[in-house]
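2 protein chains.
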Amino acid sequence: MTESKIYDTLKNYGFLITPYCSFGLTETPSIDFFPVALKIESEKVVHKSNFGAVKLNINSMEALERAKDEIIANVRAKEVLLDATDRFIATQMVSGIELYVGLVDDDIFGKTIVFGMGGVFLELYKDVCYIDIYADEVEIQRAIGLTKISKVFEGFRSFDFTIDTAVAFIRRVQNFAKANPDIIELDFNPVILTKEGLKIADARIKKGEPKLEKLGTLRENRPPFFTNQRVVLIGASSDPTKVGYSIAKNSLKYGGELFFVNAKGGELFGKKLYTSIAHIEGDIDTAVIMIPSNTVIESIKELIPRNLRNLIIISAGFKETGDNESEQLIATLSNEHNFNVIGPNCLGYLNGAENLNLTFGIDGLKNGNLALLSQSGAVLSALMDKAYDAGVGFSHLVSCGNMVDLDFAEMIDMLNREETCKSISIYAEGIQNGKEFLRAIRKSQKKIYIFKTGKSAQSKKAAFSHTGNLSGNYAMFKGLIESVGAKIEENIEALLFNPSNEVNNILIVTNAGGPATILTDYIIDQGKTLYTLSKDELDALNEVLPSNWSKNNPVDIIGDAMANRYEKTLDVVSKFEGVDLIYLLVTPQCMTDTLAIVQLCERDWGKKIYPILLGGHEMEEAKNYLRSRQKLFFKTLQSATSFL
Amino acid sequence: MTESKIYDTLKNYGFLITPYCSFGLTETPSIDFFPVALKIESEKVVHKSNFGAVKLNINSMEALERAKDEIIANVRAKEVLLDATDRFIATQMVSGIELYVGLVDDDIFGKTIVFGMGGVFLELYKDVCYIDIYADEVEIQRAIGLTKISKVFEGFRSFDFTIDTAVAFIRRVQNFAKANPDIIELDFNPVILTKEGLKIADARIKKGEPKLEKLGTLRENRPPFFTNQRVVLIGASSDPTKVGYSIAKNSLKYGGELFFVNAKGGELFGKKLYTSIAHIEGDIDTAVIMIPSNTVIESIKELIPRNLRNLIIISAGFKETGDNESEQLIATLSNEHNFNVIGPNCLGYLNGAENLNLTFGIDGLKNGNLALLSQSGAVLSALMDKAYDAGVGFSHLVSCGNMVDLDFAEMIDMLNREETCKSISIYAEGIQNGKEFLRAIRKSQKKIYIFKTGKSAQSKKAAFSHTGNLSGNYAMFKGLIESVGAKIEENIEALLFNPSNEVNNILIVTNAGGPATILTDYIIDQGKTLYTLSKDELDALNEVLPSNWSKNNPVDIIGDAMANRYEKTLDVVSKFEGVDLIYLLVTPQCMTDTLAIVQLCERDWGKKIYPILLGGHEMEEAKNYLRSRQKLFFKTLQSATSFL
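One line per chain: the protein sequences are A and B, in this order. The numbering of the first sequence is my numbering, which starts it at 2 and goes up by one. The numbering of the second sequence is my numbering, which starts it at 2 and goes up by one.
Bound conformation, chain A alone (with noise of 0.2 Å):
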């Protein structure tokens, strides 16, 4: 298409264009927008710079006709015959802020509108945002909201522009972008930012097949995973050197009806192993399956006439190992007979409400309103320790495995229904589906926070063979997921530390300057504030500390407080009504007694408290009883806020 024509088509679609001309090589146009660029419009003039076919700041009609006859004779001498289906461009040169709208149609999340800074630095400066074609206008405010020049909308050097402008105008994008599916590449840049609208000053546009958007293929009459009544696990073993065995323990405070299988029998743990599934009698709506994976399918296809609903399979040995078309007959079973599959090559599942341990992880979690999704095991793994020693408490864990069957948007849609489920976590390598993705957070009832790996060209492609999975462009996913509301995580234990996103105004209590001067920058660095002491609120510290106390957040009650300085402050400053999170920093001095000091977060104090021990041996007494107690705390000032 050229120039002339693609602002034709906008214009239809009710653009706002520079004013442009077209006119035949011979015509002398009446132009009255000067300055302008005149180009030429021929197919046969590919390169149009290197043709010396472009002319810049035109002022005048003389200048004009001096241009085209350059601009010809440039073209002859590269010996090119222009003909009568040529002609000439001329666009105004409109100077003013300049942005970029494009539209990309991505391997996974198809159709998506990219909006940002425009003009000659765009690849530099990179200030651009993600929109799905499908989001509403609080979507799109949201991702504007995520660029910088976007302050141009809130008064930045008294602009006064309003981001109307701009939502309008991707609305009309959004709009062409449906009413034209065979367009999967468009450029606007630069789009003049006027007091009329957005103005596109260049265009080109990209026609071809679009890629598959699956958007509206959910599945909805899959039975509802998260609850299980009657649990087989096949293949459970008494070597305790095998998974079989690790499941069989972990899955013991289970309070439903619980069978274990394995073609030896005897027993384990006191219980039956049947040699066979054909002996359990009854239904069997919950199988975990951890059996070498030639004998995998054989088992499910005994288990669906029992009525299966929900099937785990830890069994590693399929895509990872090559074998993709055990994988594709298992999606094929579970579509034809109706039941949901997790797995293959996955670490378990847990349902913290129904006792349900059907991990080979670290038992003893604690119950709680989380629920952890994980594309890696040992991550999984890493995070469910990590929880245990915090005493972080889950309603649901799921080692996603290969994802032959739920993906993450089904699985989102199903914690919906779960009431134990308040806030989910998704550590994430590839994501299948984009737009079902999308459609999942954006309809989420429950906070979503996601970890996502694969920024980088080389971790792209370990996570690939790794997961099978695409990666995708890294910035693109955190900025759509943004806009649908969800919370991208750029630490991977913020995954379980999560609620500390209705933190904002922090204390620090600390027995020495410097590394609360540090914490302060880590604090801000993670955009959350220092809470400002009112005049009422220093005096009352003042009561209670010694003079030289640094009167100002962060705290500093010297290096010589003990245990009782530590408890008068806390007194004071959990009652202080603004403060949503306390760090307690406590460093070796000589007189330091550490264990005293932890002690005193035990207590109910009405506030967060978050212990930080920066001491290394002296302080292995008061770690280890916080250890034991699952109490949370945190030995490096970095790890204390990387999550916030």
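Some clues are possibly wrong.
Identical chains blur together in the list; that is why a pair holds if it fits in one copy or across any two.
Unchecked claim - DSS-like, lysine-lysine: derived pairs with alpha carbons at most 25 Å apart: (1) LYS49 with LYS196; (2) LYS367 with LYS569; (3) LYS462 with LYS536; (4) LYS196 with LYS56; (5) LYS448 with LYS576.
Calculated directly from the structure, the hints in this document are not laboratory data. If you're wondering where the values come from, they're calculated on a predicted model, not measured in any experiment.
For chain A, the structure is supplied; the task is to place chain B on it using the hints.
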């Protein structure tokens, strides 16, 4: 100064200015550089825009005449009486790449040039660097290279500007600033990048009283601090809760002459406690003072006649509690009598080669080549603990305390004369004399690593109340320090592990894919690269690994890997010449023999190997093993990479 006068002045210094023309209110100039902006030049019109006294995009003489009339009418409407001293200035409106060049007179660093992306979005993108007015060409180039806009000098979008153009311009600004010390602010925005050089299109200059620049006030005649012979501990104490006890205990390994003083007399650790300094015969070159603050001055006066060279004042109770007067007196004495002071209010001093530990931190640190200077005792103490665990050795440790005498610049100079010191790490909260600091780093033969707090307004305030020194603008600090060749660390522990800056190509050996993918992202985030395996290297690994290994770096040797597979892998990869560092990632799988795996790290593989143990309780034995041997290991992926 009016705009045209500024331009006239700048021209005299060889600056290129975009065409301009200044003319009387009734004059008709002859202008041949349209389009122009027309502005009034009058001291009566301060905010030109608000007065309607600026007209843009004027394309012809007729339009200029109209604009003149409109401006005069607008100004009259504001009831300003224009007279013969008032003029117009027409300046060419140039399009092109807009740069910014400014000069500020900073409280800490004095006259400093700011260079970067210019135009209206300067403050939004803050893509600028900082250049000392004494910087040479190498420093200027290094600084410019820190900006994104510098890509236009590296062929970005076929721009073919050379960096020499920018360097020459900055040299000119340096000369201009040195020749005009009363210029305390300068704003060239925009400066247009052209083939002929940088052309100033708008300029603002502010004159005033320049801030003092101490460059050149170096106290060259000071005795070397880092050489000690006869050492006296004043306030050595037999009370184990006292600092005087801890330091006396730590000092015992010293090979030189060592004396303890305590007014009560007696014995400590088998050594005599002198009741007074007077009873010790001969010179006392180094003294540590650990007595109450009100008796410190008296002791110093007693020490002066004994040829005192180095004084370490541990005692607190000076500036930090409001006693500036005593500190001032100590400073005066040290200058008059030519001795060095560290402190007061500090943790002490350690000289590795002399086996002299005069700190109340941990004892038993290894000797090494790293000197560490810290402005916080608590931070130093935590770093010493970490160093002990990780087996990091030191040539020197200095707890700077209130820094009444020696500053960082002088210590850097002195450490450059110490053979045992190969690199210098600095934890800084506030800087006193920026120009001296830059000079010392510029001159240093030893690589310097700096962690600086005070990024945010709140931590600046905290640092100020803690050290009494200004923190300054963090971006400027970072920019200047990097321009003179030191490295700014973003993680405090990087001060210990900085030798890893020679590390570029990294290889990961892992028994789990997920964590290795995260680790890859962290490594790339830090600007390092994952080593690419050659065909031969892949073949060599194929020989020792099961067929389903990752065939890629990260080298995923699969979950069932035991120590002997790790060993075979290390046998192969340790011979890969291009690899600078190997991460040995271990996650607990059913059969993982972690202890045997980490024992592999004790062997000399000819490469740096960092073990990362991701599991919880199952790994305690291996962790304790490494700890007891003072072997570095990591428990999180982030901590393992944060110092890269």
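Okay, the hints, checked on the actual structure:
Taking the closest pair of Cα atoms, LYS49 and LYS196 come within 25 Å of each other only across two copies (22 Å); inside a single copy the shortest separation is 32 Å, beyond that limit. In the homo-oligomer, the alpha carbons of LYS367 and LYS569 never lie at most 25 Å apart, since the shortest distance is 32 Å inside one protomer and 40 Å across protomers. For the homomeric pair LYS462 and LYS536, the shortest alpha-carbon distance between copies (17 Å) is at most 25 Å, but the shortest distance inside one copy (56 Å) is not. Proximity of LYS196 to LYS56 under the C-alpha cut-off of 25 Å is restricted to the inter-copy arrangement: shortest distance 18 Å between copies versus 28 Å within a copy.
Proximity of LYS448 to LYS576 under the C-alpha cut-off of 25 Å is found in neither arrangement, the shortest distances being 29 Å within a copy and 49 Å between copies.
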